[in-house]
Amino acid sequence: MRRMTQIEKQLAQQSEAQISLTDPDSRSMMSQAKGTGVVGYNVQVAVDTKHHLIVAHEVTNVGHDRGQLSKMARAAREAMDKPKLRAYADRGYFNGPQIKQCDEDHITAFVPKPLTSGAKFEGRFDKRDFIYIAKDDEYRCPAGQRAILRYTREENGLQISRYWSSACPQCPMKPHCTPSDYRRISRWEHEVVLERMQRRLDQQPEAMTLRRRTVEHVFGTLKSWMVSERGRVG
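Here the sequence shown stands for residues 1 to 234, numbered as in the working numbering.
No false leads were mixed into what you were given.
Derived DSSO-like pairs: lysine-lysine, alpha-carbon spacing no greater than 30 Å straight-line:
(1) Lys-135 x Lys-100
(2) Lys-113 x Lys-127
(3) Lys-50 x Lys-82
(4) Lys-135 x Lys-174
(5) Lys-50 x Lys-223
(6) Lys-100 x Lys-113
(7) Lys-174 x Lys-127
(8) Lys-100 x Lys-84
(9) Lys-113 x Lys-174
(10) Lys-113 x Lys-50
(11) Lys-100 x Lys-127
(12) Lys-120 x Lys-174
(13) Lys-71 x Lys-84
(14) Lys-135 x Lys-120
(15) Lys-113 x Lys-135
(16) Lys-113 x Lys-84
(17) Lys-100 x Lys-82
(18) Lys-71 x Lys-113
(19) Lys-50 x Lys-100
(20) Lys-113 x Lys-82
(21) Lys-71 x Lys-82
(22) Lys-71 x Lys-100
(23) Lys-120 x Lys-100
(24) Lys-223 x Lys-71
(25) Lys-223 x Lys-113
(26) Lys-50 x Lys-71
(27) Lys-84 x Lys-50
Label-pair distances were calculated between CB atoms; the ranges are:
(28) Arg-213 x Ser-117: 21 to 31 Å
(29) Lys-9 x Glu-122: 41 to 51 Å
(30) Leu-158 x Glu-216: 26 to 36 Å
(31) Ser-26 x Asp-81: 25 to 35 Å
(32) Gln-170 x Met-80: 52 to 62 Å
(33) Gln-14 x Glu-216: 29 to 39 Å
Don't read these hints as lab results, they were simulated from the structure. All residues carry an ideal CB built from backbone N, CA and C; glycine is no exception.
Based on the provided sequences and hints, a complete structural model is requested.
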């Protein structure tokens, strides 16, 4: 109990709610199996699509990939000595500021947006059904009404604007849109960067197939070697 009390005091001094007693730098990482994890590191690799060679790699103890896109893409571009680069990544790398940084670095990103909204699953319109009218800074909803700008505020370090239409409560299509009084649309101040990327993805439907066949077999090979080596030691 005394030992556990001491560990509890150490834990209270940490910026994260965890301590690794065997490797202080390692962190608990979520695994693909629901509700399970492993204490270790997050390995990042960039692989070229022509030769399938690892051109850049990094090891981090951050348990997610959301902040890794631009850094790894720049490292790959430098290693390959390319003035411009196309970077393909899965949904776990989707992050507005990271995609914007790639855009500023002349790196063309292809990262699908995570499917976090339940609207489409429940048979309702999702954000892509609302058309942004840039010259008016408004959205046109599926019913043809205009959702106008109501306010802008900072959320998690990002400037987010909210739009909705006054016609929502009387709209005959409301059951297909929202269970709330109004359907609110959110827009990041640099949303145009994400919209351009989405158009690229729409025009290149095989983008994620290219990603999988480029990088997934690399991790598969590494994991196969790990299992083989463990078997020899045992």
